[in-house]
Amino acid sequence: MHEFSVIQNILDIVDDIIEENGLKKVTKVKLLIGKMRQIVPETMRFAFEAATKDTPLEAATLEMTFKPIHMKCKQCEKEFIVHENCYFCESCQSSDLSVIHGQELIIESVEGEE
Amino acid sequence: MEIKVMKNILNSNQDKANEIKDYLKEKKVLMVNLIGSPGAGKTTLLEKTLEHLKGKYSIAIIEGDVATDRDARRLQKYGCPIVLINTDGACHLESISIQNALHEFDIDSVDIIFVENVGNLVCPAEFDIGEFSKIAVLSVTEGDDKPEKYPLLFREAKLLLLNKVDLMQFTDFDKESFSKDVQTLNGQLPVIELACRNNEGIEPWINWLEEQVTKIKG
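Heads up: the sequence lines are chains A and B, in that order.
So for the first sequence, numbering that gives the first Met the number 0 puts the first residue at 0; every next one is plus one.
So for the second sequence, numbering that gives the first Met the number 0 puts the first residue at 0; every next one is plus one.
One chain only, chain B, in its complex shape (with noise of 0.2 Å):
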């Protein structure tokens, strides 16, 4: 016998996604998530970001790693409430695993919640976490290739922070065939240059990150 389903199997992800996200927009918490390879720099983009926001917002951090608590311990001096989620070999975090972050969090005196998805450009752009909106971060020593090789996230993305520019001139990276590549499959998509490094960029960004706080608190 077959049996009709038309069921979407990401259901169960989904609906605790928009629960999450119906939550935070009550609480009018800013929560973005960020994406990229291993070694992208998104630990350091923290970082610094942590710098910049210090006293300024009340932060908190959700770290994905599949294993160990390094980047964690990183960020462990700026002070913010962080909660570390191991996936176990598991290449993306899923709404169910931020859901229960979140009961870890003083909600009502969080401003911003940055979430640093597991190192791939692949999986974690296929999960809705609940999040505002998903930031892809790529490194110029990655290439060039990678939006037209890794298309979701650079579709899904509603910022792409290209870090590491400091080392543009010793690498093979196109910027021209990048960013014809990154308007063919997204126009909406801007791009920040940073170095984080150096802190080369970093402006941009925090300002971007403070418009979303406005638009969010009202």
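So here's chain A without its partners, still in its complex pose (with noise of 0.2 Å):
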């Protein structure tokens, strides 16, 4: 549900974008989204179309890039990525991690016409 929260700060993102270019009409929004995010695409489109109803972002599509969960271990500095939610270093079996991928939530790029 914290889609609906996501699609609305990236509206007003873009409206600035869109004040800033000069913009008629915006095509295509980018964006790079890590999987710890909990993320569920079906839902962001949804959001994404209701909000932009009569809009300049009416015909706009909605194009998500997904990104592996990228661990490194603060131990023995080893780098892996997670899989199944299984947060162990792959080499020294530690939990003392630190996060190098995975929480992205960031707009990439804004397609559209002047």
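There's no promise every hint is true.
[To be verified] Just some of the chain A residues that point at chain B, by a computed CB distance under 7 Å:
#1 H1
#2 I12
#3 E110
[Claimed, not checked] Computed cross-link-like contacts, EDC-like style, restricted to lysine to aspartate or glutamate with a CA-CA straight-line distance of at most 16 Å:
#4 B/K3 / A/D14
#5 B/K3 / A/E112
#6 B/K26 / B/E103
#7 B/K3 / A/E110
#8 A/K27 / A/E62
For the record, the hints were derived by calculation from the structure and aren't laboratory data.
Quick reminder that beta carbons are idealized off the backbone N, C-alpha and C, glycines included.
Please assemble the complex out of the two chains, which come individually in their own frames, going by the hints.
Structure representation (structure tokens):
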């Protein structure tokens, strides 16, 4: 359900971009989403469609790229990708980790017509 | 034309959360964010906690609810300042409403702020509200599979309170499987077992809180 809040935040940012670049309409919004974020793509699309009706984003596509969860062990510095929610260092089994990727929630780019 | 943006979508929430963190640090106030499903026992936990801390610390409460003031009314008898935030349908609290709520308190006389987030295991975990730590409240009646199904909360939390352990014998809750899942998700997460209804396990929780207050007060 937080997808609706996320979409609202996206629209606030895109509104500024429309104004700064004098866009008449937006054709694509590209997002980068870390897999830790629990974002459901279908819900995002639904929220995006509902929120952009009768706006310059009405015909825009929402492109979402999901980034895997990439951690670094604080003990042995090994970097690894998390599979099936298993947050253990592959080499030393430590659970003392830092996140490198996976928490992203980023607007990469906006495509539009002037 | 393509315009490169590379902007964090939740920047405005995060900026406010960082301001709150700095503010509370300066004022030496502990703020914890209680997150759990509806019915996990968050309000009952607060009632028991207030009974134990009454007279020892000055406490303030921020109650997040989709609608009604029922939880806030339950806590009124303890005489702490309470700010109720009705989210009108939103499934979580955001930092802007917390910042507004903080203005309602006489912050220089507050030691601990408890935020009871909207009952939900997913969304509140996504939004930093400037808290010192997120605390996951889970009850055994919800099932042992919840950490695996809602991983972010259990990654973000600094403490997991497992409530209603007095009812475990009447449920299919598999403690071994639960502990294994929690370990796999977050081996750094301490777990305290509680039964708020009969005060079981309240002491370790109070001790944890007192340790955090000491840390913050320096």
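Would the pair B/K3 and A/E112 pass a check requiring their Cα atoms to be no farther apart than 16 Å?
holds (14 Å)
Min Cβ distance, A/I12 to chain B: is it shorter than 7 Å?
Hint holds; A/I12 Cβ to chain B Cβ min 6 Å, cut 7 Å.
Hinted pair, alpha-carbon criterion (16 Å max): A/K27, A/E62. Please report holds or violated.
holds (7 Å)
Holds or violated: B/K26 with B/E103, Cα cutoff 16 Å?
holds (15 Å)
Quick check on the hint: A/H1 CB to chain B CB, less than 7 Å?
The hint holds - A/H1 has a Cβ within 7 Å of chain B, the shortest such distance being about 4 Å.
Interface hint outcome for A/E110 [beta carbon to chain B under 7 Å]
OK, holds: A/E110 within 7 Å of chain B, min 5 Å.
Below or equal to 16 Å on CA atoms is what counts here, so check B/K3 against A/E110.
holds (9 Å)
Take a quick look at whether B/K3 and A/D14 sit within 16 Å of each other, Cα to Cα.
holds (15 Å)
The structure shown violates none of the earlier numbered hints.
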